[in-house]
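Visitor: Those sequence lines, one after another, are chains A and B.
Residue numbering for the first sequence follows this note's numbering, beginning at 15 and increasing consecutively.
Residue numbering for the second sequence follows this note's numbering, beginning at 120 and increasing consecutively.
Derived by calculation from the structure, the hints in this document are not laboratory data.
Just so you know, these numbers come straight off a predicted model, no measurement behind them.
Do not rely on the hints blindly, as some may be mistaken.
Lysine-lysine pairs mimicking BS3-like chemistry, simulated, CA-CA at most 27 Å apart [unchecked claim]:
| # | chain 1 | residue 1 | chain 2 | residue 2 |
| --- | --- | --- | --- | --- |
| 1 | A | Lys85 | B | Lys148 |
| 2 | B | Lys145 | A | Lys89 |
| 3 | B | Lys446 | A | Lys94 |
| 4 | B | Lys388 | B | Lys446 |
| 5 | A | Lys94 | B | Lys388 |
| 6 | B | Lys248 | A | Lys89 |
| 7 | B | Lys388 | A | Lys111 |
| 8 | B | Lys446 | A | Lys93 |
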Amino acid sequence: MEIKTKDYHVNYDSETTTLLCKGSLRLSGMDEYAPIVQIFNQVADLEPSELKFNLKGLEFLNSSGINVLSKFVIKIRQKKHVSMIVQGSQQIPWQGKSLKNLKRLMPTLKLEWE
Amino acid sequence: MPTKTPTTEELLLENERLRQKLGILKREKADLEILLDTTTEHADAIEDELFVAREVAEEATRAKSEFLANMSHEIRTPLNGIIGMTSLLEDTEITREQQDYVNTIRTSGEVLLTLINDILDFSKIEAGKLELENKPFDLRVCVEESLDLLASHVAQKGLNIAYLIAENIPNIVVGDVTRLRQILINLVSNAVKFTPQGEILVEVTVHKMTQGAQKGESEHRNETARPDESFENGKQSFSAVKKGNLSTFPAEKGEPKHVYEYELHFSVKDTGIGIPTDRLNHIFQSFSQVDTSTTRKYGGTGLGLAICQRLCELMGGRIWAESVADKGSTFYFNIVTEGKPTQQYTYLYHNQPLLLGKRLLILSDNLTNRNILLKQANIWGMVTQTVVSMIEVFAYLRQGTRWDFAILETQSSVPEKVTLLEKLHNSHNPPLPLILLAPICQPRSDKQPVAACLSKPIKPAKLYEVLTDIEKTPTPTLAKVAIHQSGEDKSTHREKRRILLAEDNMINQKVTKLLLKQIGYNADIVCNGFEVLEALQRQTYDVILMDIQMPKMDGLAATRHIIEQWPAAQRPWIIALTANAMKGDREICLAAGMNDYMSKPLRKEYLANALSRAWLMVNG
């Protein structure tokens with residue numbers, strides 16, 4: 015489960031149960047995000063007991079992108095046996111403001127800052 | 120059909136189902152609200168980031184511009200020392216070998232200066248920051264000044280240089296005189312560089328496109344010639360003009376009121392090494408030259424033509440070249456401009472009563488110069504005779520031919536064969552006025568039998584001035600007819616001129632003082648704006664050469680104080696003398712109240728010209 019372009023990298027490591035998003039996600043609308051959503055859905059269906067969502071290298075994310083991330087968090091919340099850890103970076107200004115809202119969607123979600 | 124009444128149990132189940140559905144909907148509503156908040160706050164965060172990024176980028180651009188300006192200033196300051204001092208050293212008594220070393224230093228300094236200017240220009244063009252001025256200027260003066268700047272290089276290589284300006288050219292056009300001059304200088308200096316022998320010919324023709332506007336009510340034409348007192352390259356800068364519209368032309372009494380749009384065509388033709396056909400398309404690309412061996416042999420960055428191309432495009436035209444290897448090249452460019460026909464140079468295109476029927480001998484072995492002189496003299500109604508050697512002259516003399524003037528083209532304004540000149544001069548009674556046509560006119564001794572000297576390229580207006588001056592003078596002698604250089608200051612006056620040099624850099628002080636000394640002036644020196652004001656309290660000065668960046672009080676502040684404290688009639692003529700050469704610096708200096716502007720490195724000729732302009736204004 016991996017997509018790698020010159021702008022971004024999305025990858026799921028089943029051994030460490032870590033979903034990685036890196037680079038700059040500025041795709042236009044939900045249609046262009048569909049391949050990424052597909053990976054997210056596959057990960058959700060695997061229902062790992064602990065899912066790490068590594069966003070530390072995600073420099074830029076547009077509005078459609080935050081929508082995709084939020085819906086993924088809702089999906090994980092619905093999996094009662096999956097706990098989620100979102101890893102972010104304080105060095106990236108948008109993460110400090112936007113990631114805290116993911117906790118509102120899933121109160122059990124743990125936020126880890128680099 | 121009768122409906123079945125639900126049982127209490129069914130109702131309770133339905134109620135429970137709806138309650139659960141309501142819970143889900145509430146949860147989904149809450150999620151949607153959070154999603155909306157998340158998306159909105161995320162958009163805000165991204166906007167903030169973009170805003171900060173824009174500020175950072177703008178700050179970086181400001182810092183870059185400041186860096187470029189500072190770099191330009193810092194590099195020009197020591198270059199002023201190098202070029203100024205080598206120019207002074209060249210005029211001292213040194214051996215031939217030392218002269219060669221000094222030449223190399225001077226050329227290297229000038230190459231470095233050109234490089235800096237090209238790189239600064241190119242970076243401005245690439246950044247889309249190059250803006251053109253839109254002011255009226257005298258096209259003929261622009262062409263002449265451009266060629267004059269290269270006269271010494273042309274003379275050093277023993278080349279001939281000439282120009283032809285079509286009769287129907289609008290004398291005054293609106294545009295950026297500095298940038299047009301830059302294109303011409305670039306093309307002519309390339310021509311000089313790549314021409315080992317022969318000549319360079321610049322031609323200007325015009326195509327009138329449309330009538331732009333009509334000024335005022337009357338179309339009264341004034342047939343009297345007037346000096347160019349209102350224009351950018353004349354005695355005064357025309358500062359009241361507006362940018363970008365037809366009101367750039369001053370509405371003056373007695374001038375034709377029509378403004379037209381013109382396409383001006385320029386060509387610079389040389390007899391040089393030429394460019395292979397397959398390289399012609401590449402020469403306008405940045406950092407591109409004909410080939411690497413060209414770079415090795417002739418130097419340069421390959422930016423000059425790319426800059427010219429962009430400047431032409433900005434002026435609404437284009438540039439191209441035609442060439443034959445080993446035969447020569449012609450560079451063409453055109454620009455679109457507004458222009459106004461004036462009566463200023465009508466005397467160049469009609470019979471002149473003072474010269475009508477006068478017999479003129481033209482001695483020149485250069486066909487172009489002979490033709491230019493012949494055509495011009497014939498227009499004025501003169502009777503001409505052209506020869507290519509002194510032997511022919513004396514053959515005509517023996518046949519009893521007599522002339523009213525003789526123009527003799529020589530390799531130097533101080534010719535070696537003075538005896539022949541004396542013989543020709545004294546062959547007439549009264550003596551025949553001899554006019555030399557030399558690569559560059561130098562001061563001559565009174566012993567030479569020469570009435571005047573004309574520097575190449577031939578300037579018809581100057582030729583007219585010389586001929587009519589001689590004609591008006593009953594017995595022309597050298598003492599009565601000086602070298603024709605506008606605004607020239609007599610040596611006796613020079614000593615009396617009071618010049619104050621405000622400059623904090625000691626090397627620049629030394630260079631400027633020595634350059635002034637070479638052209639016959641003395642100057643008092645102060646180091647900052649405060650000292651300028653103190654010096655003005657002690658005594659009056661005719662001219663202040665004012666550096667801009669000085670400690671304690673800079674040149675702009677000092678100028679503003681002078682404008683406030685001294686009435687216009689008692690104020691000295693202030694010339695900005697600065698290493699700031701970025702666009703807008705000149706305007707800043709003039710806006711502060713300065714009268715003229717010179718960028719460093721200083722050149723003796725520019726300094727002399729600036730002072731000549733000052734004396735014209737100071738003397739009224």
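Visitor: Now look at each hint and say whether the structure bears it out.
Guide: Status of the hints after comparison with the structure:
1. For a cut-off of 27 Å, the pair hint linking lysine 85 (chain A) to lysine 148 (chain B) stands: about 13 Å separates their Cα positions.
2. A threshold of 27 Å between alpha carbons decides the hint, and for lysine 145 (chain B) with lysine 89 (chain A) the separation of about 16 Å falls inside it, so the pair holds.
3. With a CA separation close to 88 Å, the supplied pair lysine 446 (chain B) and lysine 94 (chain A) exceeds the 27 Å bound.
4. Our distance criterion of 27 Å between C-alpha atoms is met by lysine 388 (chain B) and lysine 446 (chain B), whose separation comes to about 11 Å.
5. With a CA separation close to 86 Å, the supplied pair lysine 94 (chain A) and lysine 388 (chain B) exceeds the 27 Å bound.
6. Our distance criterion of 27 Å between C-alpha atoms is broken by lysine 248 (chain B) and lysine 89 (chain A), whose separation comes to about 52 Å.
7. The straight-line distance between the Cα atoms of lysine 388 (chain B) and lysine 111 (chain A) is roughly 67 Å, outside the 27 Å bound, and the hint therefore fails.
8. Between lysine 446 (chain B) and lysine 93 (chain A), the direct Cα distance comes to roughly 85 Å. Violation of the 27 Å bound is thereby established for this hinted pair.
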